[in-house]
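Read in order, the letters of the sequence shown are residues 207 to 522 in this note's numbering.
Calculated directly from the structure, the hints in this document are not laboratory data. A quick note: this is a predicted structure, and the numbers were derived from the prediction, not measured. We put the CB at the ideal spot given by N, CA and C, even for glycine. A hint or two may mislead.
What the hints assert, rightly or not - Here are the in silico distance ranges between beta carbons for each label pair:
| hint | residue 1 | residue 2 | range |
| --- | --- | --- | --- |
| 1 | G409 | E365 | 21 to 27 Å |
| 2 | K259 | T315 | 23 to 29 Å |
| 3 | T306 | A462 | 20 to 26 Å |
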Amino acid sequence: MTGSGRLTAHRQFRAIHPAATIQSRLEQHQTHISQDSLFQRKLTMRSYAFSGKAGTPWMQAYTLQEQALLAAPLIVANPHDDGRDEQEVVVLLHDFSFKTPDQLLAGLTAGPAADAMAGHSGHGGMDLSWGIMAMDLNDIEYDAYLASDRTLADQEVAEVERGGRVRVRIIKGAAATAFTIDFGELEGESITVEGEDIVAVKGRRFPMNMRQRIDVWLMLPAEKRSFLILALREGAPQRTGIILEPRGAGVARVAAPGEQNRPVLDLELVLIPPMRSVTIALDADNAGQWAFDCHHPYHMAIGMMSTFGDRTEARA
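Put together the whole structure using the sequences plus the hints.
In structure tokens:
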């Protein structure tokens, strides 16, 4: 990171052996919080060591720069999978606008309804006019929806083997759009969610919310034809996706807007009425002052974030 605060990211992923240790140098900024329970007045460069747990993590700016596509997959390979007869396809989903993130945020915070929402950022003046706010599934109408940096007009084509097994790693990097992943006629097995192994769940459609990740196994038929994997925008006709193509099978193009609105997600949802609260119980084993935030970056930008403290040593 230079003195101007610019960060250059190469949009690629690299497999890392989980037995190794990932060495990271991170510069703290914006939030004066360290993980040793101390609020730091002077920002410093700190080094962290993380065990390389196998899975489908990704890197993102964790600010509105995420909307500017400052993100990339970071796949951590499991050495026990080396002998598996399977191919791997990685898909990173984005929502794209020709406007800057600041312009999009200004559009969301203009007018009396947005002024009421913006009051949340100071956590004061809590007489919010929530009743006048239009409730909608999608806050922003984007110019394009991308799968691996491409639209359906020029979609990514992954070459696969007929009759083979494919592990599709999907990362929902879109800033303000939820999707349903549609495998069409192929039935998949969801085997990993958020980097955690799960009991396999079979299906043709899997919902994905902000910053979520999912690994799905697909068994391809032996015939020579291509298969489309779509990401359907929540409650709207827009979509994006990629094609799995056995060599020489040919590629069929589809239109970006579908013929009907897509499913509305209801996973991992806690409805909190205005001016009410919710209690979250968790097991904490890392002492420090930790930040938590809404995974919708525009909600986070106007104040939907806070901190909580874990004083494990004080309880010992």
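Taking the hints in turn, this is what the structure says about them:
no.: 1; hint: G409 / E365: 21 to 27 Å; result: holds (25 Å)
no.: 2; hint: K259 / T315: 23 to 29 Å; result: violated (38 Å)
no.: 3; hint: T306 / A462: 20 to 26 Å; result: holds (23 Å)
Comparing the model with each numbered hint stated earlier shows that hint 2 is the single one that does not hold.
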